[in-house]
Amino acid sequence: MEELKPEWQTFDHVADIGIRGIGRSLEEAFENGARALFSIMLEDILAISCKQKQRLECSSYDLTGLFVAWINALIGLSDLKGMVFSRFDVEIEGTRLKAIVQGEKWSEKIHGRGIEVKGATFTEAKVEEKEGLWIAQCVVDV
Amino acid sequence: MDTSRVNKVNDYVWQIPKSGDMKVPAFIFADRVLLSEMDDKVFVQLSNVASLPGIIKAAMAMPDAHWGYGFPIGGVAAFDPDSGGVISVGGVGYDISCGVRCHRLGLKKSKILPKLETLIEELFRYIPAGVGSTGKIKLTVSRLDDILKHGAHWAVEKGYGFPEELEYIEDGGRIRDADPAKVSTMAKERQKKQIGTLGSGNHYLEIQYVQEIFDRDAARAFSIEEDDVVISIHCGSRALGHQIGTDYLQILGAASRKYNIPIKERELVCAPIKSPEGMDYFMAVGCGINCALANRQVLGHLTRTVVQRIIPEATCELIYDVSHNTCKVEKHKVSGKMHKLFVHRKGATRAFGPGHKELPKLYRQVGQPLFVGGTMGTSSFILVGTQKGEDLAWSSACHGAGRSMSRRAALKRWKGKGVINALKHRGIILKAASLRGAAEEAPEAYKDVERVVEATHGSGLARKVARLKPLAVIKG
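So the protein sequences, as listed, match chains A and B.
Here the first sequence is numbered in this note's numbering, starting from 1 and rising by one per residue.
Here the second sequence is numbered in this note's numbering, starting from 1 and rising by one per residue.
So that you can see chain B by itself, here it is in the shape it has in the complex:
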């Protein structure tokens, strides 16, 4: 990005001043290097978001931002329904509530290593991954409606996990603003066989160990120490979320015309929150979120079942489950008063600071944990939400490393087997459903996650708690 077009606020915050149709300014959270490497499209897309009706305060981009669909990936924006605020497909994305959950095994690395190979083999056999894979749970459309209404609660009722886990999931494992009637039959038909599947692309299951702790108090609250082993699972709402996205792209496209909302990019199509189309989409997104929460709960429990079969003394308790692609109603302070806002986070994580009443008791003093996925060869991080993040960006932070190289370029450069062997030399086992997928997801095709996390920490959006290193990875 041409850095002369933005004003420096401090080392980690940059402002795009209000101009043209922009109703508010935009802010980019990044250091100078990340900013200069950012696509110019981030500038354009943020300015477009800042031009939408009813946007409050500013359009924002997290340190891992890159060119997205309508919103940049890493884009955050809040809208006031009482000021004509809108809800946009581009602000949520196609993989609704794609997110990460992290389980601690309650064991040190040295205990796991002798059984690591067996463990990852078994997990790979047991967890359906990759394009075309189907889950062990087969449902009818009417049963699927239960999932769309009850989220992770449905999974726990069916024996996938325990009721006490639910408070360690955003929104207690269920969004109440969810109406299955607003989701197409096609979306439901496609999802019937996909509950409990990992998917493909950048989705993964990773066995990791805690390499370094940066924040002892938060780490204590999350019950993690150096050398502890954890398992992170990254996946989303699968076909249901994809189909909701594509269905409403057409529906809100027509709505934008009906309500005369000028649209600068077709994926920014939107409708007033207070219109029937806007409310329908919001209720469908709620279903997508519940589907993702249920899916990750099932996967988390399947993982625990396998882990405890191989290593009976492992606990596999859930640390937390975060979502990335969402639009949620939250109360935030605007000009000193609390307002109900519709917060879009596209490729960004909710990061509530200490004291937030939604957080489980054990974490309320330190803040919400969030997990930033790196690549299968580098590091991932556990961060914690801050009070400052509330003021800066509606309690939002980064979500991952972000790609630096296209999939085609990665395919030309690496072969799947080569990537697997290179990782093996570094002591990391990779099980890939697709060799092509392994090549496309080569660690070198991603940005430097350390820099993204430093910028998140430096700007005050969230604080570093621990660095995780991969031991074994399943790629869909």
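Isolated chain A (complex conformation):
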């Protein structure tokens, strides 16, 4: 096992792709999970400028459900507004989440085209604390 550090990752799944966020707090893990999501939807997430803010809320019956709901809310918002995001300020209370997300309108020229994500799933989904870091992950259906 590689050394754990705060970052975003993707991981293998037979037909789809896993996304993982690692953070020093639960919130940071969720924020990094969101970066992992946009890394597969686009070619270049570093090219995203924070020009617009959006607010987002979601809830579930436990933390794993909340991570899946968070990723699904981002997929929905991105699709609805035609936007892509790179900055996420997440607040979690129990199993409720509030976030301010920042980004801009998607442009093929600027961000490139990745693959469409249909939804976050409960496959390989977990939220856990390990070695002082939080890990939030799930497989997304593409």
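Certain hints may be false.
[Claimed, not checked] Sample of chain B residues at the chain A side, in silico, Cβ under 8 Å:
| hint | residue |
| --- | --- |
| 1 | D39 |
| 2 | F43 |
| 3 | W67 |
| 4 | I73 |
| 5 | D95 |
| 6 | G199 |
| 7 | A239 |
| 8 | G253 |
| 9 | R266 |
| 10 | R403 |
| 11 | R408 |
| 12 | A409 |
| 13 | A433 |
| 14 | R436 |
| 15 | E440 |
[Unchecked claim] Here are some chain B residues the structure puts well away from chain A; computed CB gaps all over 10 Å:
| hint | residue |
| --- | --- |
| 16 | S83 |
| 17 | G84 |
| 18 | K115 |
| 19 | G172 |
| 20 | R174 |
| 21 | A181 |
| 22 | E226 |
| 23 | E265 |
| 24 | E450 |
| 25 | G460 |
Source of the hints: derived by calculation from the structure; they are not laboratory data.
Just so you know, even glycine gets a beta-carbon here, dropped at the ideal spot from N, CA and C.
Fit chain B to the given chain A structure using the hints.
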């Protein structure tokens, strides 16, 4: 899969005996090689499905089965509402009614080849494909409700196709059990700009020719001969279906707790069919199916418009339109009597045999056509439903090749441009909305479709009719 854990029934059928919480046994339709290559998770997921309340006869996996969400992809199960039967999000999936339609051009390969490049260029320009693409039809939410209620009928009324095409679509192009009030505003808002778009991932539009005919009678009924050109379109209910799936994952999650249904995997969340939550989901799935049927009807007609502009003598008639990810009410024989069952097909195709009253007159003697997509470099197949398939698996068959390599592994191994060039050397033109998508969908990342089709044919689920070879492909 560890093959010592299953009992051999015959060369193509394997049984997982009832054990633990399983209410019925499970059957896997596959040859020994496909079975041994199947993920162990298929075994686990099938056993989980067999443990759900009200399941009838058995949980089943088609020859292209692999690890899915709740149900394995390629999973089939029927539930009796009168015996506490349930409806599950995992049995339908996120891309509700993802499916394939196939149009015959009425022309031979030799006629098409000189214009192939122009044709695929024009189709690529005209058919919106890839992530972020939007359709030419813009709708309000209330207009969208018409689509969710009327499916392909809506498309035909709006001038996308002809009324006589509708009987060549499952359920005559429309599911009546569909209530738009059971679909969230978010789902509808997301779908407003997506009618008439292909999507991405494994979705495609492919120009193919008939390389070989295996069943002359069925081929005659479907009006296809060797060297004839057809166009296959693979896509689904787009964002609407995805959002219904994610919305009801939470709703049925709560319902499973409310009705004390033990759930072994979170995507197997379900509700009794006869509960308000179960009925709401069923009515939402109906909307998802109608959305997909309308979408494919629009795409089919847009395709025909382009084809006839480039090649005026082409007919582009619809052979049939099949759906993969569905839950439908069907009548099937159980212990000698006809019962109304809720049949889940997750990554599996309905395959009615000869004589079924739902089939169009021209096909009633031979059975329902179904299309099994291969990869953009190999083959696809036309099959036909059988009587035996009704007894074996509620008239169900395989739906595709199934991946053998993950998308990340494919990305590490191939580059999009390399895949395009390799196909070009083999005489296949690939137009890809995303180079990354092209790499991920490299033909070598998929299982051998020939073996999947042989196992489907050998087991009797469906019969081989024709092999199709690709000439040009659009990948979303």
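How the hints compare with the structure:
1. D39: At 7 Å from the nearest chain A Cβ, B:D39 passes the 8 Å test, so the hint holds.
2. F43: violated (14 Å)
3. W67: holds (5 Å)
4. I73: At 7 Å from the nearest chain A Cβ, B:I73 passes the 8 Å test, so the hint holds.
5. D95: holds (6 Å)
6. G199: holds (6 Å)
7. A239: holds (6 Å)
8. G253: Holds: closest Cβ of chain A sits about 7 Å from B:G253, inside 8 Å.
9. R266: Since chain A brings a Cβ to about 4 Å from B:R266, closer than 8 Å, the hint holds.
10. R403: Status holds, d = 5 Å.
11. R408: holds (5 Å)
12. A409: holds (6 Å)
13. A433: holds (6 Å)
14. R436: holds (6 Å)
15. E440: With Cβ-Cβ at 7 Å, under 8 Å, it holds.
16. S83: For B:S83, whose nearest Cβ neighbour in chain A is about 27 Å away, the distance exceeds 10 Å, so it holds.
17. G84: B:G84 is indeed farther than 10 Å from all Cβ atoms of chain A, at 23 Å.
18. K115: The claim holds: B:K115 sits with its nearest Cβ about 28 Å from chain A, beyond 10 Å.
19. G172: holds (27 Å)
20. R174: At about 24 Å from chain A, B:R174 clears the 10 Å cut-off, so the statement holds.
21. A181: holds (19 Å)
22. E226: holds (33 Å)
23. E265: It is violated; B:E265 is separated from chain A by about 7 Å at its closest Cβ, not greater than 10 Å.
24. E450: B:E450 clear of chain A: closest Cβ-Cβ about 20 Å, beyond 10 Å.
25. G460: At roughly 27 Å from the nearest Cβ of chain A, B:G460 sits farther out than 10 Å, so the non-interface label holds.
Taken one by one, the earlier hints fail for this structure at numbers 2, 23, listed in ascending order.
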